[in-house]
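S.K.: Use the sequences and the hints to build the structure in full.
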Amino acid sequence: MHLVVGLGNPGEKYALTRHNIGFQFLDFLASRHQLLFAQSKWQARIVRASLWGRSVLLAKPETYMNLSGQAVAALAGFFRVPPERILVVHDDIDLEVGRIRIVKARGAGGHNGIRSIIEHLGDRAFVRIRVGVGRPSGPVPVEHYVLSRFNTEESARISAVMERIETGVRLVLAEGPGPAMNAINADR
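In this text, residue positions in the sequence shown follow numbering that gives the first Met the number 0: the first is 0, and each later residue adds one.
What the hints contain is simulated information worked out from the structure, not anything from laboratory work.
All of these numbers come straight from a predicted model, not from anything done at the bench.
Where hints are given, some of them may not hold.
[To be verified] Pairwise CB distance ranges, derived in the manner of DEER restraints:
1) P178 - K40: 32 to 38 Å
2) A124 - T166: 20 to 26 Å
3) S136 - L15: 16 to 22 Å
4) R79 - E174: 20 to 26 Å
5) A107 - A185: 21 to 27 Å
6) S136 - A185: 39 to 45 Å
Ideal Cβ placement from N, Cα and C applies to all residues, glycine included.
M.R.: Put into structure tokens, the structure is as follows:
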């Protein structure tokens with residue numbers, strides 16, 4: 000089984016913010032494959048599915064971003080998913096809006112949700128799909144920027160990249176991170 004985690008903050012207030020791009024992707028995937036998330040005892044909304052011939056557990060932590068590792072570690076422990084079979088989709092301010100990069104076994108890069116996952120797993124061997132949400136252009140603090148919504152043009156770019164993120168997830172699950180990185184990261 001693979002654990003695919005989309006990072007975000009729970010609640011309608013955060014629904015379409017930059018920080019919630021992981022939740023947005025899992026909602027896209029659930030809609031596309033007719034899946035329904037349910038509350039669980041592991042501080043996450045989850046759904047088990049067979050996608051692309053693989054057993055997959057999709058999870059949206061309900062712990063708020065900075066504590067995401069609590070839910071991820073609990074799910075990984077209960078379902079016996081090793082870090083190498085965990086894939087996390089999250090926002091990245093170091094990439095322009097709509098760009099994606101797949102990385103494996105890297106540090107948090109200033110992302111508190113990723114830092115929490117590394118801390119709670121005690122390992123960084125998991126795969127990440129970094130989704131660009133851009134940087135603030137003015138004196139806006141990063142913590143306010145990531146909780147802002149996309150403008151119309153950015154929303155169109157985010158909608159357009161969802162299928163590419165899905166392709167990245169499918170390639171990681173089917174062929175492994177190396178081939179997925181070669182295919183997805185080539186659009187420099």
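S.K.: Please go over all the hints and tell whether each is borne out by the structure.
M.R.: Quick rundown of the hints versus the structure:
| no. | hint | in the structure |
| --- | --- | --- |
| 1 | P178 - K40: 32 to 38 Å | holds, 35 Å |
| 2 | A124 - T166: 20 to 26 Å | holds, 22 Å |
| 3 | S136 - L15: 16 to 22 Å | holds, 20 Å |
| 4 | R79 - E174: 20 to 26 Å | holds, 23 Å |
| 5 | A107 - A185: 21 to 27 Å | holds, 25 Å |
| 6 | S136 - A185: 39 to 45 Å | violated, 28 Å |
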